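A.B. asks: Here is how the chains run, residue by residue.
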Amino acid sequence: GAVVSQHPSWVICKSGTSVKIECRSLDFQATTMFWYRQFPKQSLMLMATSNEGSKATYEQGVEKDKFLINHASLTLSTLTVTSAHPEDSSFYICSASPPTSSGQFSTQYFGPGTRLTVL
Amino acid sequence: SQQGEEDPQALSIQEGENATMNCSYKTSINNLQWYRQNSGRGLVHLILIRSNEREKHSGRLRVTLDTSKKSSSLLITASRAADTASYFCAIYGGGGGADGLTFGKGTHLIIQP
Numbered sequence: 018g019a020v021v022s023q024h025p026s027w028v029i030c031k032s033g034t035s036v037k038i039e040c041r042s043l044d045f046q047a048t049t050m051f052w053y054r055q056f057p058k059q060s061l062m063l064m065a066t067s068n069e070g071s072k073a074t075y076e077q078g079v080e081k082d083k084f085l086i087n088h089a090s091l092t093l094s095t096l097t098v099t100s101a102h103p104e105d106s107s108f109y110i111c112s113a114s115p116p117t118s119s120g121q122f123s124t125q126y127f128g129p130g131t132r133l134t135v136l
Numbered sequence: 113s114q115q116g117e118e119d120p121q122a123l124s125i126q127e128g129e130n131a132t133m134n135c136s137y138k139t140s141i142n143n144l145q146w147y148r149q150n151s152g153r154g155l156v157h158l159i160l161i162r163s164n165e166r167e168k169h170s171g172r173l174r175v176t177l178d179t180s181k182k183s184s185s186l187l188i189t190a191s192r193a194a195d196t197a198s199y200f201c202a203i204y205g206g207g208g209g210a211d212g213l214t215f216g217k218g219t220h221l222i223i224q225p
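As they're listed, the protein sequences go chains A and B.
Here the first sequence stands for residues 18 to 136, numbered as in this note's numbering.
Here the second sequence stands for residues 113 to 225, numbered as in this note's numbering.
Here chain A stands alone, though its shape is the one from the complex:
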C-alpha cells in the first residue's frame, strides 16, 4: 500500500529557532501534499495544501511567513516552522495524494505525524 513517512517523529526546540519537518511519499508520486496540525485532545485542522512546483495554498488564519512549505519534488514536501514559540507546540501530520484525473477524488495517505515541543 501507499506509504507516507515523516521526519523527525518528534522534536524539541528552543523558542525562536526554526524547525523543518519532512514528509515523503515512499512508493508513489504525490502531486499534492497536505499539512495538518492537531493540538492535544483536539481534531486535525488543515493548514495548507502543497502542490509540486508551485506555491502552497494556506488556510485562513495560517501565517504563510511562519509556516514555510516547500514541495520541490513529487515525493517530498517540507514544513518549516520559523521562529517557533511555545504556542506552536503541536502534532503536525502530513498526507499525500497521487495524481488524479480532473474532478476525481484522490485518496490521501497520512504520515505518522511529528510532535513538536517548543520550550
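Hints were generated in silico from the structure; no laboratory data involved.
Among the hints, a few may not be true.
Below, a list of computed lysine to any residue pairs in the SDA-like style, where the Cα atoms sit at most 20 Å apart [what the hints assert, rightly or not]:
| no. | chain 1 | residue 1 | chain 2 | residue 2 |
| --- | --- | --- | --- | --- |
| 1 | B | K217 | B | L160 |
| 2 | A | K58 | B | D195 |
| 3 | A | K58 | B | V156 |
| 4 | A | K58 | B | A197 |
| 5 | B | K168 | A | T124 |
| 6 | A | K58 | B | K168 |
| 7 | B | K217 | A | F108 |
Remember, predicted model here, so these are calculated numbers, not experimental data.
Please build the complex by placing chain B on the supplied structure of chain A, with the hints as guidance.
C.D. replies: Okay, now just chain B, sitting in the frame of chain A:
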C-alpha cells in the same frame, strides 16, 4: 464551517458490546471517511463512503450515510480492548482534484476489558 461534529465526545463501553459514533456536517460532500487514531499516533484510514452510498461494511465496521440529514454513523460490533482510540470523521467536499479533508472533533472510545 464545514467541520464535522461527532457525538458522543467520549464513550466507554464493555468489551464485546457494540459502539456507535455519529458525525454531522453542514454542507454537501463528495465522500465521508472515518479514521482511527491511537493516542499520540498517526491516522489509520478505516472506511470511505461516497455521497451516493447509504451503507458500507468492512469487517466489524459498519458505516451509514444519510445525506438528507447530513449525518453519518460508525458502528463497531463486538468491541475489543484494542479498539480503544479516538475516531474521527472527515469530509471531502469535492470540487475536483485534491482538496484537504475537514475533520470532525472526534469521539474518544474506551473499551473496558
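A.B. asks: For each hint, tell me whether it holds in the structure or not.
C.D. replies: Tested hints:
{"no.": "1", "hint": "K217/B with L160/B", "result": "holds, 18 Å"}
{"no.": "2", "hint": "K58/A with D195/B", "result": "holds, 18 Å"}
{"no.": "3", "hint": "K58/A with V156/B", "result": "holds, 17 Å"}
{"no.": "4", "hint": "K58/A with A197/B", "result": "holds, 12 Å"}
{"no.": "5", "hint": "K168/B with T124/A", "result": "holds, 17 Å"}
{"no.": "6", "hint": "K58/A with K168/B", "result": "violated, 28 Å"}
{"no.": "7", "hint": "K217/B with F108/A", "result": "holds, 15 Å"}
Checked against the numbered hints listed earlier, the structure breaks hint 6 alone; every other hint is satisfied.
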